[in-house]
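Student: According to full-length UniProt numbering, the sequence shown is numbered sequentially starting from 1.
Worth flagging that the hints you see were computed from the coordinates, not collected in a lab.
Yeah, the Cβ is synthetic: ideal placement off N, Cα and C, and Gly gets one too.
Please note: incorrect hints may appear among the correct ones.
DMTMM-like mimics (lysine to aspartate or glutamate), calculated; alpha carbons at most 25 Å apart, straight line [to be verified]:
id: 1; residue 1: K118; residue 2: D92
id: 2; residue 1: K140; residue 2: E124
id: 3; residue 1: K191; residue 2: E153
id: 4; residue 1: K191; residue 2: D207
id: 5; residue 1: K172; residue 2: D60
id: 6; residue 1: K46; residue 2: D165
id: 7; residue 1: K118; residue 2: E34
Pairwise CB distance ranges, derived in the manner of DEER restraints [unchecked claim]:
id: 8; residue 1: T77; residue 2: P152; range: 32 to 40 Å
id: 9; residue 1: P136; residue 2: T3; range: 45 to 53 Å
id: 10; residue 1: P133; residue 2: R192; range: 26 to 34 Å
id: 11; residue 1: R9; residue 2: S85; range: 37 to 45 Å
id: 12; residue 1: T26; residue 2: E195; range: 13 to 21 Å
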Amino acid sequence: MTTPNPFIRPYAPTDFSKGLHIFFTTLEPTLDFEPARTIGSYLWYKAYVLLTPSTCFILDDGTGRAVGYIIGTPDTTTFSQRWVSTFTPIVDPILVPPPNVASQDAAMEREDVRGFRKAVYAGECSMLQSSTPPIPDLLKQYPAHLHIDILPEYQGQGWGAKMMDIFLDCVKKAGARGVHLGMVRWNAGAKRFYERLGFQVVGEVLDGGVSGEVGVHGDAICLVKEL
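Turn these sequences into a full structure, and let the hints steer you where they fit.
Tutor: Here is the structure:
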């Protein structure tokens, strides 16, 4: 029997549930609790495949099963506007209570979770978009942003770089002249991966000087790349 060969293809609506499985499987451990898992799926997965599927790509295991994805948008500002007008109205208010609604669930009222709830309803989808103070010129310079996740058994085989090449070519053709992404500060392996692909920490203060560092906001760090 011939062993199936993985390949990269455009996202299809039939990939939704498998993509969601990838999201939950690869979720940052510090966020792997409810309700952060569910809210995070709205914030970092569902909005992208529903609003901008043409710039979402799947790593297929060769049998039709999604085992990785890269999702994003060529224009963060326009995407955020569409998020508020089109995606926010379909968010389940039971699973993701609006930020002005008090919950009896203590976990739902954690400061970080309340921030995620606010972001879901406000379309706050990137670090450059939500910098303090806002830096609109920086977002114009790096308008695209992305998320990439691959199941553990398919990592370390070069698929991440190949997926990145396809995505960056796609958003560049759509008019983006730069791209940015956010990642947790302590994931040194991911940072090395992005740096090998030409990303670097953005050289601007994003948190109003709270951290005393450039490119940092809370537990996250922002990387950028010119296209």
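Student: Taking the hints in turn, state whether each one holds.
Tutor: Outcome of the hint check:
1. For a cut-off of 25 Å, the pair hint linking K118 to D92 stands: about 14 Å separates their Cα positions.
2. Note on K140 and E124: the hinted pairing holds, with a Cα-Cα distance of about 16 Å set against a maximum of 25 Å.
3. For the suggested pair K191 and E153, the alpha carbons sit about 20 Å apart, so the restraint of at most 25 Å is met.
4. About 20 Å separates the Cα atoms of K191 and D207, which keeps this hinted pair within 25 Å; it holds.
5. About 23 Å separates the Cα atoms of K172 and D60, which keeps this hinted pair within 25 Å; it holds.
6. For a cut-off of 25 Å, the pair hint linking K46 to D165 stands: about 22 Å separates their Cα positions.
7. Our distance criterion of 25 Å between C-alpha atoms is met by K118 and E34, whose separation comes to about 16 Å.
8. For the pair T77 and P152, the beta carbons lie near 34 Å from each other, so the given range of 32 to 40 Å is met.
9. The hinted window of 45 to 53 Å between P136 and T3 holds, with their beta carbons roughly 50 Å apart.
10. Between P133 and R192 the CB atoms are about 31 Å apart, so this pair conforms to the stated range of 26 to 34 Å.
11. In this structure, R9 and S85 break the distance hint of 37 to 45 Å, their C-beta atoms being roughly 29 Å apart.
12. In this structure the hint that T26 and E195 lie 13 to 21 Å apart at CB holds, the actual value being about 20 Å.
This entry does not satisfy hint 11, going by the numbered hints stated previously; all others are met.
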